[in-house]
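Enquirer: Sequence:
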Amino acid sequence: MKVATEQFMHFGIRAITMDDIARLSGVSKKTIYQEFGDKNQLVYACFEQELQEDACLMEEGLEKPDFDVLHTLVGQTQHIRKRFSTFNPLVLHELQRYFPSCWELFENFKREVILKHIKFLLEKGKEQGYFRAEIDTRILAHMRLEQTMDTFDPLKFPPTQFDQVTLQLEIFDHFIHGILSDKGREAYLSLKQTN
DNA sequence: TACCGT
DNA sequence: AACGGT
Numbered sequence: 001m002k003v004a005t006e007q008f009m010h011f012g013i014r015a016i017t018m019d020d021i022a023r024l025s026g027v028s029k030k031t032i033y034q035e036f037g038d039k040n041q042l043v044y045a046c047f048e049q050e051l052q053e054d055a056c057l058m059e060e061g062l063e064k065p066d067f068d069v070l071h072t073l074v075g076q077t078q079h080i081r082k083r084f085s086t087f088n089p090l091v092l093h094e095l096q097r098y099f100p101s102c103w104e105l106f107e108n109f110k111r112e113v114i115l116k117h118i119k120f121l122l123e124k125g126k127e128q129g130y131f132r133a134e135i136d137t138r139i140l141a142h143m144r145l146e147q148t149m150d151t152f153d154p155l156k157f158p159p160t161q162f163d164q165v166t167l168q169l170e171i172f173d174h175f176i177h178g179i180l181s182d183k184g185r186e187a188y189l190s191l192k193q194t195n
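Residues 1 to 195 (full-length UniProt numbering) make up the first sequence, in order.
Among the hints, erroneous ones may be present.
[What the hints assert, rightly or not] Using 30 Å as the maximum straight-line C-alpha spacing, the simulated DSS-like pairs for lysine-lysine come out as follows:
hint, residue 1, residue 2
1, Lys64, Lys30
2, Lys82, Lys119
3, Lys183, Lys116
4, Lys116, Lys156
Everything labelled a hint here was simulated from the structure, so no lab data went into it.
Turn these sequences into a full structure, and let the hints guide you.
Expert: See below:
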């Protein structure tokens, strides 16, 4: 699963054959098919594990007493950028078209984990006085999720025309400025300085 | 590893 | 022709 996940993310699911995975992981195809009924089941297991790890990372440190929304948000955009360096956006389209059960898993993850997480951070940011009190967390959480997904779409932001790191930073910066209070803006700008 | 069906 | 599956 480790080999398969790395290869799928990097080169796309259809580009990597079961023979590739067998060769690179040093096991026979027979052994793979004893664990996974078919390629679809292997892909599903890989994604399930990846998403589970991401969910853990998101929830990490949320209950700590020194928890700070701005630090958390900035840290997570860094995580997204790291992910980008090894994640081929082509995979999202492959899931949608050829691996519908995995796509469903991912859609569910967006709704039940990411959306709820963003909403939680927005509400916390309000409590801590970083974000303006009048923002609608439900609407803005949706917007943030969708705009983030858009940056992963090569048709909307062709990687040949847009540097993916710059794109992530710019869109995050625009989003956060739209919701910061005066106090929040001050804290955010000084945080950017130190980073 | 050779092989078959898609 | 290439690849999933036997």
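Enquirer: If you check each hint against the structure, which ones fail?
Expert: 1
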